[in-house]
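K.L.:
Protein chains in written order, with the working numbering: chain A, 585 to 1084; chain B, 59 to 554; chain C, 7 to 115; chain D, 18 to 587.
These aren't lab readings, by the way, just hints derived from the structure by calculation. A couple of the hints might just be wrong.
Derived, one-sided and incomplete: chain A residues facing chain D with beta-carbon distance under 7 Å [unchecked claim]: (1) I652; (2) S690; (3) G954; (4) P977; (5) P978; (6) V990; (7) I1001; (8) L1068.
No more than 27 Å apart at the CA atoms, straight line, and that leaves these computed lysine-lysine pairs for DSS-like [what the hints assert, rightly or not]: (9) A:K945 x D:K384; (10) A:K891 x B:K88; (11) A:K891 x D:K469; (12) A:K1028 x D:K469; (13) A:K891 x A:K1039; (14) A:K945 x A:K1028; (15) B:K489 x A:K746; (16) A:K1028 x A:K1039; (17) D:K529 x D:K469; (18) A:K945 x A:K1039; (19) A:K891 x A:K746; (20) A:K746 x A:K1039; (21) A:K945 x A:K891.
This one's a predicted model, so the numbers in the text were calculated from it and none came from an experiment. Where is the CB? At the ideal position from N, CA and C, for every residue including glycine.
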Amino acid sequence: MTWETTALVGAVGAPFLTAVLIFALGEHRDAARSRINLAGAALTVVAVVAAAVAARAGAPDAYPSAGIALLDIGFSLRADMLGALFAVVAGVLWLITTVYAIGYMSRASDRARFFGFFSVCVGSAIGIALSANLLTFFVFYEVLTLATYPLVIHSGTPAALKGGRTYLTYALPAGGALAAGVVWLNLIAGPVEFAAGGSLDPALASTHPGALIAIFALLILGVGVKAALFPLHGWLPAAMVAPAPVSSLLHAVAVVKAGVFGIARIVLEVYGPLGHELGVTQVLAALAGFTIIFGSVRALAQDDFKKRLAFSTVAQLSYITLGVALASPIAIAGGIAHLAHHAAMKITMFFTAGAVSEEVKAYRVSEFDGLGRRMPLTMTAFSLAAIGIVGVPPVAGFTSKWLLGVGSIDAGSGWVIAVLGISSVLNAAYFFPIIHRAWFRTPKPEWAHGPAAGKPEGDMRMIVPLVMTAAIGLAMGLLAGVALSPASWAQTVAAWEFPW
Amino acid sequence: MAEWIVRQLPALVILMPFTAAPLAYLLGAKFGRPIALVSALLSQPLALLLAIRVSRVGTLRYEVGGWGGPLGIDLVVDGVAAVMVLVTTVVGLFVTVYALGYFGDRERYRFFWPLWLFLWGSLLALFLSGDIFNLYVCLELVSMSAVALVGLTLSREALVAAMRYMLAAILGSLFYLLGVALIYGAFGSVDMQTLREVIRGDTTGQAALALMTVGLVLKTALFPLHFWLPPAHSNAPSPVSAVLSALVVKGSFYILVRLWVDVAQTAAFPGASTVLGVLGATAIFWGSIQALRQERLKMLVAYSTVAQIGYLFLMFPLVTGGGPAAADAWTGGVFHAVSHALAKSAMFLAAGTVLARFGHDRIEGLGGLSRRAPATAMTFGLAGVTMMGLPPSGGFVAKWQMIRASIESGQWWWAVVVVAGGLLAAAYVFKVLGPFFGREPEAMDEADLDPGPSPWTMEGAALALALGSLVLGVLGQPLLDLIMVSAPALVAGVTP
Amino acid sequence: MSQTDLYTLAGSTLFVIGLYGLMTRPHLLHKVLALNISSAGVFFVLVGIARRIPGTTPDPLPHAMVLTGIVVTVSSTAFALALAKRIFTETGTAALDASDVDVEEDAGG
Amino acid sequence: MVTILPVWMALAAALVPLLVAAGCALPSTRIFARRALPFAALPALAAAALVPEGSVTISWLMTGVLVDLDATGRVFLALSALVWTAAALYAPPRASSRPTWFAGWFALSMAGNLALCCVTDPAAFYTFFAMMALSTYALVSSGGDRSAGRAYMVFTVVGEAFLVCGLFIAGAAALGVDPGPVLGPVGIGLVLAAFGIKIGAVGLHGWMPVTYAAAPAAVAAALAGSMSKAGVLGLVRFLPAGQEAGVAFGPVVIAFGLAAAFYGAAVGVTQTRPKVVLAYSSISQFGLITVALGVGLAEPVAWLLAVAAATAYSVHHGLAKAALFIGEDIARRARSPRPILLGLALPSLALAGAPLTSGAVAKLVLKEATGLAPGPWHDALEMLLPLAAVGTTLLMARFLYLVATRRAPATAGSTVDAPTPRGVAAWLLLLAAVAVTLWFWPETGIRYAAEKSLTAHYLWVASWPVLAGIVAAAVAWTAGNATSRFAGVLPPSDVYAPALAWADRLVERRDKAVRVMSSAPAPAVSPAEERGRSLLEYAGALETGLLAWATAASALGALAVLLLLLAMRG
């Protein structure tokens, strides 16, 4: 095995191995578990970065791969640049989240179960990123679906169980649709490997137009749930009963991004130009546009902090969908870049939600008055992330929005401009009030003078990660022009994705 | 020596448990346990070798005692037979290991060992039978030992369930035997290889097939003839439940498949295959809905078997057309039987662990189980993955093939059934998993009864089976290939 | 109508009679006996088939089958009767109906 | 000029205030950062003077930043640096209960304002524009008026959205993508609307009067003197310079500009607070700049002249308005406003365009530009612009009147701090700048205009509207009761006032609703769950039937018959 394939297999395998070890250790050996978890996460980071290096070296058509025979397609992994981006995002943020989670969960029960399934989820997300074909993608996709369930219902309360049920009610039928779509597609088109610019034979558009449209619908139905595409978004706010690290890494990064990443793979690397020819990507773009507005409007009305963030995620995910559905390399780059950008920003916000709920027991936006004085670092990080989501430069959110906006004109879809504009205003309308409350309103007396003398504003294992992710979000926007930034990486990828 | 073993493999595989069974009976409970374990362990390489041999050279024929047909008994091992032998042997090993811990050396259960080994041998004999009358005998052997095992606890409920099971089983066998008689009358042979050449789709042939089908459907507990299964499977001791659900129902199903796909082929009549498909689909829905209704874990698992059996019957409408769809349906159906065997035995064993430990299996009383018995909860969850047909699991591979066959043959509605069935399975699996991951019940008087962790062999055996059903979903390709070795002409795409 | 057909018809009739008994009689002994009648019917058919080609020596194979069948039936009847007796001792009745579908609280023992 | 300075130094210098902002965030450097604030804009001022013409792309920064210090940008950079320095000097240390907080945002806003003068690519311009505009919210709201802060924020956010959308189109065009016959004009419209908000164009001016009134004087000075000028710079940068695409917009823009010029004056004279009057004066004055740009749009050949006019007018108005806002505050704080009024007279006259003031020069340049207006507009502007000057004079008279007659705060307890010497120095600096800047402007066009304004003809042209205005003011003053009826007849932000009040009520109601919602109990079992449960019960009853021997055996018989029948048929 070359180092490239070792890195590739290691990137997917390391989290699963970590999970096995964590399960084997049992509930009570906290120190050992933390060490193993951190070591596993660090190893994963090394592996995904190595895989990304290999992908870049092999780009655009000599990617390292590894696989075994299974069914008619095979179960195979491949480190390409698009996948490596998602894998690196998931891997790096996992390491940070692990630190956070160790702090957050220090008083919670069932830690072995929590960290074990958490690792499985990350492994699946990386597996999704590095899948070489739809079958492999689907396998990891469903593992992710299942492994998330115990995390959603972690607290075991009736509300949590209900949230878990809602989650499954959406996720499992979607899996069925996805399976049907994948099988059908393989029947019509033979084994479908992902390939930049689409892998379907253009002749199929004239021989099987109806089937291709139906398959597209099935596939998008399948991945659309995780991508929280309207009207498949209902589970995401319900899943907010999960502990903060879950909301942070899974419901802002791994799980939901797996959905949009799937959309990207299907639209760009399966259908390619056929999608535009058949008119399905246009419909998808319209749906994404609607979801953006819809999610933002719903977010406005949420007082529950995490729910507001969740609806914001619903809207933001559709930026990615919208980007990849537009016929322009610039827009595609915007969508792909937003995958990384939104990850850093939204994880910061969910980290904030967790830190705030743990430290001052505030769960609702209306309880945030003056919080900036009590938890200045936390709320600074949050504010930075929030303005980034709104699209205020130089935070990363602006970069993706910029590429999307310019790209939409390039693609000849000017209506997207209106969506972006309205969305920006709405984003501001639901995030700025939080910032306003935290910094501009009169705090409770006990908050007015900051954290208790000589004490940090919270558990540093939680504060440091969220400051780091906020800094990453800022850096990704500020240094977007650097060759290795997500935005530049995405532009490189997009150039191959849109060769026609 | 090595060559002799290879030549005698089909017989040796069967002889191993059949030799151990009387020994275990004669030497009593004290020796029954090690004998069973040794037999189970020794069976592994034999079954594996047999499978490898078949995959290399194709069908093996073995004339018992050198008699040959028509009076002698021939053993025939093709791909699907080798697969069934392999899965029986593997499940058998883990059930044996589990039973060691479950029954301990209590006198009351000393008959478990000989009966179980006997059942094991009968099943293998059934899978390797080359003629339809011998299949009848094996079917009866399987039924009798299974009924005895169900009644093993001698409790009222178990005895009644056993009786119910027995009557159904005998009736089913009689239907089958009647069909055998008609076939012999019409075609003059019971040897399947011969029959394949001479059987015709005339009225007698089809009537015989219809009677045999009715009997076998009854013994496989296809809806609406599942009336005997839930009580029998849920009241039996858990290792027995595991074997019943995992293997025994597959025995009669195996014969049915042999008859339809291998022997009758084009002589089979399409109307009946649709009937079987429709009943299978109904079974999927009905079994799942009933499972969802259950408050006891073992009842739920038993009804899950009712539902999962339904998938097997979807094979019939899908293979009738021949072509690539038939091949996919064939591999899918057999693979489903295999993965369901692993997963369902794991589930019953897990349920047994719970029952043995807490003295009850009321689902609502099992809240927070993942805290008290993490391995058991995990087992149930992993086995549930196969039940739902989600990847990576054998159930997924099977469903993939079935969906493929549905679309390929233009009968997309079966694909809808397969997908919907998976969702219903999810409903009942998560009905259990939810509480497992949830809080402990408010009144924790059960906790007082908790005698502490179960023996690791029990938890381990169940978990191993569950993991096995998952591994099939990733590393299942060799098995898929084996199923197609010397496959019936109808599915292999060869004109007979 | 040939001899074989006659036997087949008679055997089938017996089979159905047995089936009817099994269906309608709740008492276990009745059910067991009904099954015996059914099996007798099957054996009838088999025996008749042995002479299906008139004027030749009867085919020995169906006879072998019937013998095997009788052995099987005898042993299973014995088993069923033993089971029925045990049920009677345990429950005080020897009837079987829907109400007896019950789940045992403590099967593990 | 020192030519060894690389161009990117301009941006670096402009961003020096960021260091101050960062310093404010850290406890250990807080005090030092606050002290350094007034000097934070000086590097930018130096850069405006020293960094040579040229452009450079910083490709690693964001989406690639194009630093380009052209003549226009240089003027705006210098103006902004000057105004911000004065504002920072004036900003009293006790301007806010949270001085460090205030200083930090002040520096951030300053950095954005200065930096946007040095970049010309849409993304970077937007970046700094947003940095400036959003940070200013903190400064505006430090005055304590939440409603005004909200008005500012809403308009700003909407403006940013317009802007970013307009710049998407500009950005695409920069990449060589033709936006097409629909999006092209839409882009121009969006850019106009976005910057229109910043300069208080009629219809988009709702935030300006309330915000200027609510903001501390230093902030108001920065807003009126420098930040809103960023809107002018934005228009100069992103309108289709001298292209056909903009021609159709020309007349509309001219019309809007004229409307603003008169509307601002008309509504302004009815106001009762000096700062609000100044705000309306800004609306009116920006109207004149808009007219110039409109002429440039309508007549592509006039574009360069229009830009020159807009630039010169911006400098003139920016310095004068900043001086007025600060002077107004000094007057409020001073024991007696009368001596201050003398100082206020200079910028007031300048705004009115009195001879010998910068206003005279600026108006002349403006006139040169509007002289190129197409056909009928040319004559209309000839006639209307002097009338606008009459209006401005009236406004200034009203302003001075209000300052002069303002009574000390009614509540005895609330004492205002006396102006600091540093603050007064800042004001004097601004006054000096107003007095001399345009006269010593290095650019030949302006110098020519300055000389021309001293000719007898132009002295008269500049004088009569002022005189007419003064006469009108005197008449109004003497009329007393007749005119005082109009005072306060329109609230600040006039037609927008009901909307702003409505927004206040909305927020109040939302807060109340949230309180109610959070105490509501969770819903019980949903009807769907109830239905599901009863269905399951029904299924259970059916299953009991299926398990009965009779049913089972019947089913068996039925199946046998069915299969046999099928067999017979086959």
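K.L.:
Honestly, which of those hints from before does the structure not fit?
P.N.:
Violated hints: 1, 2, 3, 8, 9, 10, 11, 12, 13, 17, 20; rest satisfied.
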